[in-house]
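A.B. asks: Going down the list, the sequences are from chains A and B.
Residue numbering for the first sequence follows my numbering, beginning at 1 and increasing consecutively.
Residue numbering for the second sequence follows my numbering, beginning at 1001 and increasing consecutively.
These are calculated hints, taken from the structure and not from any lab test.
All C-beta atoms in this analysis are idealised placements derived from N, C-alpha and C, irrespective of residue type, glycine included.
One or more hints might be untrue.
To be verified - Going by beta-carbon spacing under 10 Å, a handful of chain A positions derived as facing chain B: (1) R13; (2) L17; (3) S18; (4) D22; (5) I109; (6) S269.
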Amino acid sequence: MTRGAIADQLANRLLSLSNFADSKYTSESSKIKASELATQGLTFIPDFVSASEASDISRALDDCLDTTREDSVIHYPVFDVVRAPHVMKIATDPHVLETVLRYLGAPGIIVSINAWSSLTQGEEPMGAQIFHRDTDDFRACKMFVYLDDVSTSDGPHIFVRRSHRADQVQQALEGSGRSLSTIPDYFSRNGRHVADSIDSIFGDSVEEITGAAGTCFLENTYSFHRGKTPAGGKRRILQVLYAHIPYHHRLERIEDARLTTFPSNCDDSDLARHAMSFWIQGPTDHSIETMRAMESRNI
Amino acid sequence: MIDLDTRYNAAIDVLRQHGENPEVKRFIHSVESIYPEQTGDFFGKLFQAALETKGTYL
């Protein structure tokens, strides 16, 4: 039994509980994208977000007053990010959500939406600029959208293809002449303790993702990844996390940023409604109360 | 729609079946070690609740 198999079981359970009409979603393109995401850990979504849409979002973030700065990163308030033009439309796009459905095995929920700018500040990588794995759920994926043109000096996202898979890590270790006894090290904690060895072990699988504003990709961030340290430029990016089970701190952030109505520019499908389960005020209040009750019972 | 309570219970049910799986243990310990202040030991509590139903403790 692997972590992935447990994710399958959870997805099957959730699918049966949801009474979701899974069979009506038949897009071959989404199946292919989901398959690529499962095998490679990464799939691009070309011709999806236009440069002008990315620019609209970027301009809206420029107007944010309540930003927070952490080292070389400026974080934008979630409240403002979800109200920026196009953001919820992008996050609930039917093709994206169907790809997420096929990948997760059940309708995904949006667990977080974030945007931040990475600035040039020294050469030493820090925080998310060091190779690491995200452990957001038993299975999860993130959509990234570049809001600026991103060249190699602007701090592009760097991804290690197939590094979420034990068989591929084993192959990479064998290929670089390392002991297979170190495999557990590559799947424990958040992986930062082996960050220095990633480039030499994974070689050509390490991919630097540059692209114009609007470049969009879905990624299994349990694979090793990092943001390259900007060298003169900056990178502004939008990120949407899709999963099954939200941590309580994420729900608190959602609660602070929740919308009052379903966005009028979003495709109003059951997939989109499901994805936004915790983002619309009203029906979700019970869930938030349930979360707090569970915590108070120390469960 | 599936509310949070149902999601938690589904996860507990699945974990209950695999309480001694090394990969599950490692993943949960990873989450705990990285995000203890953020998750409120979320997966740990979830996992513990599942294990307690079998009378065992990790």
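A.B. asks: The structure should be examined with respect to each hint, and the outcome stated for every one.
C.D. replies: Evaluated hints:
Restraint check, R13 of chain A versus chain B: the minimum CB separation of about 4 Å is within 10 Å; hint holds. Satisfaction of the interface hint for L17 of chain A is found here, the shortest Cβ-Cβ separation to chain B being roughly 6 Å, below the 10 Å cut-off. Taken as an interface hint, S18 of chain A checks out: its beta carbon lies about 5 Å from the nearest beta carbon of chain B, inside 10 Å. The beta carbon of D22 of chain A comes no nearer than 14 Å to any beta carbon in chain B, farther than 10 Å, and the hint placing it at the interface is violated.
Nearest Cβ of chain B to the Cβ of I109 of chain A: about 8 Å, under the 10 Å cut. The hint holds. With its C-beta approaching chain B no nearer than about 13 Å, S269 of chain A sits outside the 10 Å limit, and its interface hint is violated.
The structure does not agree with the numbered hints 4, 6 stated previously, though it agrees with the rest.
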